[in-house]
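Visitor: Please put together the full structure from these sequences, using the hints given.
Protein chains: 2
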Amino acid sequence: MNTYPSKLLENAVNELAKLPGIGKKTALRLALYLLKKEIPEVEAFGSAIIKLRQEIVYCEDCFNISDSRKCSICANPKRENDLVCVVESIRDVMAIENTGQFNGVYHVLGGIISPIEGVGPGDITIHQLLARVHRNGTREIILALPATIEGDTTNYYIYKRLSELNIRVSTIARGISIGDELEYTDEVTLGRSILNRTLYETQLSRK
Amino acid sequence: MNTYPSKLLENAVNELAKLPGIGKKTALRLALYLLKKEIPEVEAFGSAIIKLRQEIVYCEDCFNISDSRKCSICANPKRENDLVCVVESIRDVMAIENTGQFNGVYHVLGGIISPIEGVGPGDITIHQLLARVHRNGTREIILALPATIEGDTTNYYIYKRLSELNIRVSTIARGISIGDELEYTDEVTLGRSILNRTLYETQLSRK
Numbered sequence: 001m002n003t004y005p006s007k008l009l010e011n012a013v014n015e016l017a018k019l020p021g022i023g024k025k026t027a028l029r030l031a032l033y034l035l036k037k038e039i040p041e042v043e044a045f046g047s048a049i050i051k052l053r054q055e056i057v058y059c060e061d062c063f064n065i066s067d068s069r070k071c072s073i074c075a076n077p078k079r080e081n082d083l084v085c086v087v088e089s090i091r092d093v094m095a096i097e098n099t100g101q102f103n104g105v106y107h108v109l110g111g112i113i114s115p116i117e118g119v120g121p122g123d124i125t126i127h128q129l130l131a132r133v134h135r136n137g138t139r140e141i142i143l144a145l146p147a148t149i150e151g152d153t154t155n156y157y158i159y160k161r162l163s164e165l166n167i168r169v170s171t172i173a174r175g176i177s178i179g180d181e182l183e184y185t186d187e188v189t190l191g192r193s194i195l196n197r198t199l200y201e202t203q204l205s206r207k
Numbered sequence: 001m002n003t004y005p006s007k008l009l010e011n012a013v014n015e016l017a018k019l020p021g022i023g024k025k026t027a028l029r030l031a032l033y034l035l036k037k038e039i040p041e042v043e044a045f046g047s048a049i050i051k052l053r054q055e056i057v058y059c060e061d062c063f064n065i066s067d068s069r070k071c072s073i074c075a076n077p078k079r080e081n082d083l084v085c086v087v088e089s090i091r092d093v094m095a096i097e098n099t100g101q102f103n104g105v106y107h108v109l110g111g112i113i114s115p116i117e118g119v120g121p122g123d124i125t126i127h128q129l130l131a132r133v134h135r136n137g138t139r140e141i142i143l144a145l146p147a148t149i150e151g152d153t154t155n156y157y158i159y160k161r162l163s164e165l166n167i168r169v170s171t172i173a174r175g176i177s178i179g180d181e182l183e184y185t186d187e188v189t190l191g192r193s194i195l196n197r198t199l200y201e202t203q204l205s206r207k
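First to last, the sequence lines map onto chains B and F. Following the working numbering, the residues of the first sequence are numbered contiguously, the last one being 207. Following the working numbering, the residues of the second sequence are numbered contiguously, the last one being 207.
Among the clues, some could well be false.
Where chains are identical, the list cannot tell them apart; a pair therefore holds if satisfied intra-copy or between any two copies.
Unchecked claim - Pairs of lysine to any residue residues, derived as SDA-like cross-links and limited to a Cα-Cα distance of at most 20 Å, are as follows:
1) 51 to 67
2) 78 to 133
3) 70 to 110
4) 25 to 48
5) 78 to 103
6) 78 to 147
7) 51 to 39
8) 70 to 190
9) 18 to 40
10) 25 to 36
11) 7 to 204
12) 36 to 123
13) 7 to 76
14) 7 to 163
15) 160 to 178
16) 37 to 91
17) 25 to 4
It is worth saying that the hints were derived from the structure and are not from the lab.
Guide: What follows is the structure, given as structure tokens:
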């Protein structure tokens, strides 16, 4: 039922309700919230979003979001250029950067191989990754994709494509999370963490 | 920690995170979602919001949101102009309109009296309500404010201010919700619904 007292309000609510996880009721709440703000504030809000979409650039090397043609990570001479961490999305880059444990560079695939969703190797930046490896003489590829069937498929595809080159391919460690109780860990994870056990000595030397 | 790969992204995330109920993580998810949309779509999104704030008008009679100086309800000659339902916010107007049970007009207070939050009678449109009653020869005022202490306070204040005029003041019925079980209804509501019992005959005649 259409009971919006204003066409302008209805438009704004419809646009807000297009966002994932935001229904009509929440959209109305947000629109009425924005109506109570000062005009310059709302203009800043709207234009920040429009500008983001209009002016965003993707790094020509790693496909991370960037303000210029090379992202700040690829452009940083202190990062190890020959150690490439392959991730699904920009959010993964941010998550790994937050750990402060990685000093290489990234490659953002922009998705993972998923036959069900119709995503093949040609739809993501695997080709560009291979070209980059050839061009730059990459030493090691770290596969940091989700621990799902799609992630495993993508891992295997990339591994196969790289196998002719003499290049180290690793995946990030999977096992029980820090702070987790063994009894609540699922069997697959626990099983793998026993198979992939690491020497206690190496852990000590990391501290 | 600031790990946004782009200033544009950071700006957009900060703006989105100002919305109520949206934190930094959700804001990032929304920003990345918008990045995947076509440019015209995102422009439509941003400008719908900016336009809402820039061009919105409040009805000069009832303070409902409107596209012109009189809202569509006040401007409708079929509505009973002398029956005014007093509500806290625009959302309440929409909720009552959705019932299809009311054919009068509204008056949006824009808040309720709340000493704790520093909202006094002068901060909401009570003065304008009284002026309107004088001007239009209103027959009845229906108070449809929240069933809270603040709502009751505001009800009483308006009632007192109207008492010199010969005008009918009613409040919307409070009682157990349709479909509710008696045993799960709180005592205050159940107690009131006994005190404010209605004749079965009147209910039959409404069917």
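Visitor: None of the hints should be skipped; say for each whether it holds.
Guide: Hints, one by one, checked against the model:
no.	hint	result
1	51 to 67	within (11 Å within a copy, 28 Å between copies)
2	78 to 133	within (19 Å within a copy, 74 Å between copies)
3	70 to 110	within (17 Å within a copy, 50 Å between copies)
4	25 to 48	between (24 Å within a copy, 17 Å between copies)
5	78 to 103	within (8 Å within a copy, 71 Å between copies)
6	78 to 147	neither (30 Å within a copy, 63 Å between copies)
7	51 to 39	both (18 Å within a copy, 10 Å between copies)
8	70 to 190	neither (41 Å within a copy, 67 Å between copies)
9	18 to 40	between (24 Å within a copy, 14 Å between copies)
10	25 to 36	within (17 Å within a copy, 24 Å between copies)
11	7 to 204	neither (65 Å within a copy, 39 Å between copies)
12	36 to 123	between (43 Å within a copy, 14 Å between copies)
13	7 to 76	between (49 Å within a copy, 17 Å between copies)
14	7 to 163	neither (59 Å within a copy, 38 Å between copies)
15	160 to 178	neither (32 Å within a copy, 64 Å between copies)
16	37 to 91	between (30 Å within a copy, 17 Å between copies)
17	25 to 4	within (12 Å within a copy, 31 Å between copies)
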